[in-house]
Amino acid sequence: MNPLYGFLVLGALLFTCGVVCMATKRNAIGVLIGVELVLNGANINFVAFSRYQPGFELEGMIFALFVIVMAAGEAAVALAIVLNFYNNHATVDVDSAEELKG
Amino acid sequence: MELQIYIFWVLAGLTGLCAIATVVTQNSVRSATWLLFTLAGTSAIFFLLGADLVGAIQLLVYVGGTMVLVVFGVMLTAQGPFINMKTSGAEWAISMFAGIALFSVLCFGTLAYNEAKPKAVDVAGGVAASVAAEAKLQPQNPSDSHNSVTIGQALMGSGLGPMHQRAGQVTATHYLLPFEIVSVHLLVVLIGAAYLARAKKRKGVAA
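Residue numbers (my numbering), protein chains in the order written: chain A, 2 to 103; chain B, 162 to 368.
Keep in mind that the hints were calculated from the coordinates and are not lab data.
Take the hints with a grain of salt, since some may be wrong.
Derived pair list, reagent style SDA-like, types lysine to any residue, alpha-carbon separation capped at 20 Å [said to hold, decoys possible]:
| # | chain 1 | residue 1 | chain 2 | residue 2 |
| --- | --- | --- | --- | --- |
| 1 | B | 247 | A | 97 |
| 2 | B | 247 | A | 27 |
| 3 | B | 247 | A | 91 |
| 4 | B | 247 | B | 257 |
| 5 | B | 247 | B | 191 |
Covered stretches of chain A, as calculated for chain B (at least 3 residues, CB under 8 Å) [stated by the list, open to error]:
| # | region |
| --- | --- |
| 6 | 4-15 |
| 7 | 33-42 |
| 8 | 76-89 |
One side of the interface only, derived from the structure: several residues of chain B facing chain A at Cβ under 8 Å [claimed, not checked]:
| # | residue |
| --- | --- |
| 9 | 173 |
| 10 | 176 |
| 11 | 205 |
| 12 | 207 |
| 13 | 214 |
| 14 | 220 |
| 15 | 222 |
| 16 | 223 |
| 17 | 271 |
| 18 | 272 |
| 19 | 308 |
| 20 | 316 |
| 21 | 317 |
| 22 | 335 |
| 23 | 345 |
| 24 | 352 |
Every residue, glycine too, gets a C-beta built ideally from N, C-alpha and C.
Required output: the full structure, derived from the provided sequences and hints.
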């Protein structure tokens, strides 16, 4: 079997772990950790394709770099929102965040 | 080549176990620690794939920066030294079922693509095209993988990056516009996060 598929399966595993983490954790920080796992799974796919797919060598790495930068920004804003919520409600339980409706 | 495959399976097993432990543990601090090991394992996978720059930036930005943010978030919102927000058994069962279903679908799709592709090409264009398609998926020589200089030149659009033959003329691939958008985005994020997280005086507390 081509070694590419091992990397794809690992990316799928990280993606699934992230989705389950987002669904089960009641702590807002836990949901944020799930998002990081999902982004890492996607990054593994990008870099694996950049190694094994001709014509995608540079693109995969640059997309992965952009994803890393976006994840850093997303984590900063999400933590700012969580801290703000904690200051107002003294909890980080996402079930008690009913008033945060669009 | 064999050694690379063994190293991959060891690293992939460790990374996958750490990711599963991140999900399963009920403690925020332990979850963040398992995430740290998962991110480090991912960067090791990047190094194994020959993506030195991406692996190094993963270590610097993710493991060094984002993890510090997450750990600070855990510490600042801690109601006790060990927070426990239990998830009920029924929720666990449903989530596990959904997770296993999603993972099976993803794996099935990946591996079915692996087996189906040569057959489809056989129908379309004969054995030669099938062989060509197989050859395209072979790994490239690591020595001609792109180093940080190439990536930097492609980002800056200096014209010295990889050349692409397109519509008869040779043009350089560059990503200057996305690079600029990302830098403005980071500035906006910086200001927005500082604005959102600033210390406010509570109502009812005397100034």
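State whether the coverage of the region 33-42 of chain A by chain B holds or is violated, taking the criterion as 3 or more residues with Cβ-Cβ distances under 8 Å.
With 6 residues close enough to chain B, the hint holds.
- Message: Checking hints one by one. Is residue 271 of chain B an interface residue toward chain A, by the C-beta closer than 8 Å rule?
- Response: holds (5 Å)
field: Interface restraint verdict for residue 317 of chain B against chain A (beta-carbon cut-off 8 Å)
entry: violated (12 Å)
Review point. Between residue 247 of chain B and residue 27 of chain A, is the straight-line Cα distance small enough, at 20 Å or below?
Key: holds (8 Å)
Hint check, residue 173 of chain B versus chain A [nearest Cβ-Cβ separation less than 8 Å]:
With a closest approach of 5 Å, the residue 173 of chain B hint holds.
For the hint on residue 316 of chain B, just tell me whether its beta-carbon gets within less than 8 Å of chain A. holds (7 Å)
Restraint outcome when residue 223 of chain B is required to lie within 8 Å of chain A by C-beta distance:
holds (6 Å)
Interface hint check: residue 222 of chain B, Cβ to nearest Cβ on chain A, cutoff 8 Å. Holds or violated? holds (5 Å)
Exercise. Holds or violated: is the Cβ of residue 220 of chain B closer than 8 Å to a Cβ in chain A?
Worked result: Violated. Min distance 10 Å.
Practice task
Double-check residue 335 of chain B for me: the hint is only fine if its C-beta lies closer than 8 Å to a C-beta in chain A.
Solution key: Check failed: Cβ of residue 335 of chain B comes no nearer than 10 Å to chain A, outside 8 Å.
Coverage of the region 4-15 of chain A by chain B, judged on three or more residues with CB within 8 Å:
holds (count 11)
Given the hint that residue 247 of chain B pairs with residue 257 of chain B, does the C-alpha gap stay at or below 20 Å?
Holds - the C-alpha atoms of residue 257 of chain B and residue 247 of chain B are around 15 Å apart, at most 20 Å.
Hints 11, 14, 19, 21, 22, 23 and 24 from the earlier list are contradicted by this structure; the remaining hints agree with it.
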